[in-house]
Structures are given as C-alpha cells and as structure tokens.
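Asker: What follows is each chain in one-letter form.
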Amino acid sequence: MARHVIAPVDELPPGTRKFLEIDGRPIAVFNVKGEFFGLLNRCPHQGAALCEGPLIGLASSSDPGEIEYTKLGEIIRCPWHGWEFDIRTGQSYCDPRRFRVKAYPVNVEPGTNVVKGPYVAETIAVSVESDYVVVDL
Amino acid sequence: MNIQLRDRPEASASTGIKTGIADCDIHPARATKDELYPYLAKRWHAHLETFGVHPYQGMMGGPPYPKAQPNASRRDAYPPEGGKQGSSLSFMQKQLLDPNNVVLGVLNPLDTGQGIRNQDLAGAICSAINDWQIEKWTSKDSRLKGSIVVANEDGVSAAAEIRKRAGDKNFVQVLLLSRNVEPLGQRRYWPIYEAAQEAGLPVGVHAFGFGGNPITASGWPSYYIEEMVGHSQCQQTALASLVLEGVFARFPSLKMVMVEAGFGWAPSLAWRLDKVFDRLHAEVPHLTRKPSEYIRDHIWWTTQPMEDPESRDHLFQTIEWIGWDKLLFATDYPHWDYDEPSRVLPAGVSDANRQAFYLDNAKKLYGIS
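So the protein sequences, as listed, match chains A and B.
Residue 105 in this note's numbering is what sits at position 105 of the first sequence, and the numbering runs on without skipping anything.
Residue 90 in this note's numbering is what sits at position 90 of the second sequence, and the numbering runs on without skipping anything.
Derived from the structure by calculation, the hints contain no laboratory data.
Fair warning: this is a prediction, and the values are worked out from it, not measured in the lab.
Please note that the accuracy of each hint is not assured.
Claimed, not checked - Here are some of the chain A residues that sit facing chain B, going by a computed Cβ distance under 10 Å:
(1) G47
(2) E52
(3) A59
(4) R77
(5) W80
(6) H81
(7) G82
(8) S130
What the hints assert, rightly or not - Quick list of in silico lysine-lysine cross-link-like pairs, DSBU-like style, CA-CA up to 30 Å:
(9) B:K164 with B:K18
(10) A:K102 with B:K94
(11) B:K94 with B:K364
(12) A:K71 with B:K140
(13) B:K363 with B:K94
(14) B:K67 with A:K102
(15) A:K71 with A:K116
(16) B:K164 with B:K140
(17) B:K364 with B:K18
(18) A:K102 with B:K18
We put the CB at the ideal spot given by N, CA and C, even for glycine.
Make the full structure from the sequences, and use the hints.
Answerer: So this is what it looks like as structure tokens:
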C-alpha cells in the first residue's frame, strides 16, 4: 500500500471533492464537514463515474410510518441510475449483498511528516508549514 | 455540500463493445427555447410568445411526475458549452457515439408538437422538429437517423407530414407516444399507419405522452416509481388496441416498434389475448389471425430499460418467445435510466444472437446497409 499526497488541506475545504487518477484508477476524495473520504469513482452497477453524483442522506424505515433520515451528506447517489452508496464504507444500499464500491482511507498529515515520507507526492509541492490530504491505496 | 472542484465531467465509462452497435433510442434536445424558430413560420413565433402551448394533459409546463434527475437525464450529460443534456452533437459524439462504437443511432425527439390541442400549431412544431433533426443532427453525422414526428391526434395532418418525408433517407421511422387521447388502435390514428406503410417506414411507439389520461388504468398514483412501471401497462393497452382494432389486419406490411416500455410482458399479454380470442373471436371477426401471431410478426422491441431478472434463464426464455430477431438495443441517452451497452446482456448468448441484438436487427428493420 502506498500513501499518496493529493492536496494541501486548504485546497479541499468542507463541501468539496477532488477527482484524480492514482495508479490508473479513478479516485474521488471528499471533504464532508471536515472529514475526508476516498472512493473509487466507478459505479459497480453499470460503470458510471459514481462520485459525480450528489451527496444526500439515507432515508430508511424500521416500522411503517417511522422514517429516519440519517447520514446526511454521506451517501453518494450515482449520476446515472441513482444507486446509493455509503462514502464511509462503500456499502451499497441498493444491493448490499452483490455490490460494494471500493473505499480508500484518507487522512490529514502535517507537512513535517509528509516531507519525510514514505509518501508519493503526485504533483504536489510539499512544505512543512502546511497540512496535506493523504490517500492510502 | 455538493461543490465540485473539477470543472467538467469527462466522458465516463467506455465499454467493452468492439463491433459496431445500433442505439435505437437517443433523445436529442434543444439547447435554447427559440432554437426551433428558424423552422417555424413567423406567425407561430408570435403565437407562441402570446398564447404559448395548450396541451391535452393538465400539466402545462412539464411532465406529470418530477423525474428524480434533472431533465430526467444523467447528471454527467450536461454539454460543456451549456444547454440541456442531449442538446450538443459534439458532446453526444464524445460521450455516447464514439466510445460505444455506435454505427446507427435513432433519434427520438420527445418534446415536440405531440399532445398540443391546437392542431395547426402541433403540426407546425412537428414539421419544424423534423427539419431541425436534419439540419442539426442527421446532416452533420451520418450515423444518426431521425424519426418523423407528427401531430398524433390529427391523422390527416400526420399522414401528410409522413408523405412529405417519405423517401428521405434522413428518417427511418415515424414516432408516436404511448399515451394519447385514445388507445392507439382507434380509427383516428389509422391515416398515420396507412401513410407509414405506404412509405415503408416502421412506426415507433415510445413510452410517455400527453393525452391527458393517467399513467395507470385505475387513476393517478402517488409516486414517480409508479409512473416508471406504469409505462408497461400503457404500452400493453396500446398494443392490445392495435391488435384488436385490426390495424395489422388492415395494414399487413406495417411494422411497429415498442420503445422503452419493456418486453418481459409480451408473452403473457399474447397468451391472454389468444385465450380470450378463442372464446370471443365473434366479437372481432375482422381479425383473421390469432392476436399472438400479429404481435410476433409486426412488433419489434427496444431493450432499454433492460429486463433484469435474477435468473438469466428467465430472460432467455422470454426472449425465445419474442424472437432474438425482434430485439433492438437502445441506451435511452441522455436519460438517467440509460443502459450501458457492455453491461446489459448476460453471458451465455451466442455470437449470432449478440450480433442480431446489438446491430443486425436494427439495420434490417430500418433499411440501413
């Protein structure tokens, strides 16, 4: 597993996402309210660029008439057929048994660590003064 | 919450389809409201701006059910130059035609004059849409072929428009929608079938329409999901009407295409029709063959949204009944329930049947060499 430095934290503020290719794989990294998530940007259903869809919540029901709306902003909805996946885990809410999208750990690391490595710095110039978003792949 | 850092989506998922395919349901759109004006007489510009359009259905400005995705379309299908999904030829080429190796694309415009009460206006807009298809699409990309749209509730004007376009190689079919003022076998629509048969053009019947009737046979349902599945029952009503009113008995070389309404229901509808026909044929003596025979001989089916049973054997059995020679692959681009060419057909289909499914049936039906 390699650790990839993909951006200074300042360039990926809450509510944004970054698309990139790492080792030939299309990846999207999200900042949701200060938490970072990484997903393979390919829907396991029919292959759409999954992470271009909207981030929504999860509407579910335990009993008739009881509706819960949870995981607000943590469910990615595919831009084609609307299949829903949990960006924390990659779990499908359409067909959990057969489908999952690959999720990648994302962390914020201080520049002092990133400079030392072992990191793959993509095309990012790294300095000790900043914090960086790092994807494990 | 949903701000994206990247400016533009790239063309996504390319496919594993190596040989050419036909896409028998592509929806071209207008980039701007007045894109049609150059094809309409000045009189209609003023009319549209003063009076607007008055459809049969109650909803003036859109479909009866909201569509869950913007313009019912893939969210990655907005052209980079702006405008609605499906309104840019260059982006359609980049996103659909080139990566999927589409060698024949059939255009089915949905936002036309169909369903407008003012029949002169309906006819003028339909004719304008036909000119627009040539100028904006088919003359610019020889893979694309148009569908002649007609003022569906005015059989006389519709037949005149078909005759005007007959022999024009920019068009490969006549296009109707499934939900009209009356079921499609009614005599008011016969001039359309007569003219289509005369021109040697199939008549496509696409799910949807503006006739004002609810999507179900028992009233207005609550949810969009009910409209989505309701397209199949509307289409069954249309097909039963076409068969039982004797359209195929009267127009024996007429070919029709059921577009975007499923095909899994075809065998059971035909079985039921045959069963009651055995008992009630005296009521419809104009039918000289069993209903199932008319359906098998006169009807083709586009595939999207593909039937997707858990067991592929169930799919194959259904197709065996219909015939591998009667299915026409379609994506429905740019709409959100798009079928990705490489993902629709399960393993276990012979090369000959795959070839028929993806390309040869369409070329044969539409007369493309």
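Asker: Evaluate each hint against the coordinates.
Answerer: Hints, one by one, checked against the model:
Interface hint at G47 (chain A): satisfied, since its Cβ lies 4 Å from the closest Cβ of chain B, which is below the 10 Å cut-off. Nearest Cβ of chain B to the Cβ of E52 (chain A): about 5 Å, under the 10 Å cut. The hint holds. Restraint check, A59 (chain A) versus chain B: the minimum CB separation of about 13 Å is more than 10 Å; hint violated. The interface hint given for R77 (chain A) is met, as the beta carbon of that residue sits about 9 Å from the closest beta carbon of chain B, less than 10 Å.
Interface restraint check for W80 (chain A): the shortest CB-CB distance to chain B comes to about 5 Å, inside 10 Å, so the restraint holds. For the restraint placing H81 (chain A) at the interface with chain B, the shortest Cβ-Cβ distance is roughly 6 Å, inside the 10 Å limit, so the hint holds. Checking G82 (chain A) against chain B by beta carbon gives a least distance of about 6 Å; that is within 10 Å, so the hint holds. Here the hint on S130 (chain A) is broken, as its CB sits about 17 Å from the closest CB of chain B, past 10 Å.
At most 30 Å may separate the alpha-carbon atoms for a hinted pair to count; K164 (chain B) and K18 (chain B) exceed this at roughly 38 Å. Restraint check for K102 (chain A) and K94 (chain B): the C-alpha separation of about 27 Å stays at or below 30 Å, so the hint holds. Distance restraint check for K94 (chain B) and K364 (chain B): the Cα-Cα separation of roughly 26 Å lies within the 30 Å cut-off, and the hinted pair is therefore satisfied. Restraint check: the Cα-Cα separation between K71 (chain A) and K140 (chain B) comes to about 47 Å, which exceeds 30 Å; the hinted pair is violated.
As the CA atoms of K363 (chain B) and K94 (chain B) are separated by approximately 23 Å, the hinted pair is consistent with the 30 Å bound. The suggested pairing of K67 (chain B) with K102 (chain A) holds, with an alpha-carbon distance near 29 Å, which does not exceed 30 Å. The straight-line distance between the Cα atoms of K71 (chain A) and K116 (chain A) is roughly 36 Å, outside the 30 Å bound, and the hint therefore fails. Using a Cα cut-off of 30 Å, the hinted pair K164 (chain B) and K140 (chain B) holds, with the two alpha carbons roughly 21 Å apart.
Among the hinted pairs, K364 (chain B) with K18 (chain B) is consistent with the structure: their alpha-carbon atoms are about 20 Å apart, no more than 30 Å. Between K102 (chain A) and K18 (chain B), the direct Cα distance comes to roughly 27 Å. Compliance with the 30 Å bound is thereby established for this hinted pair.
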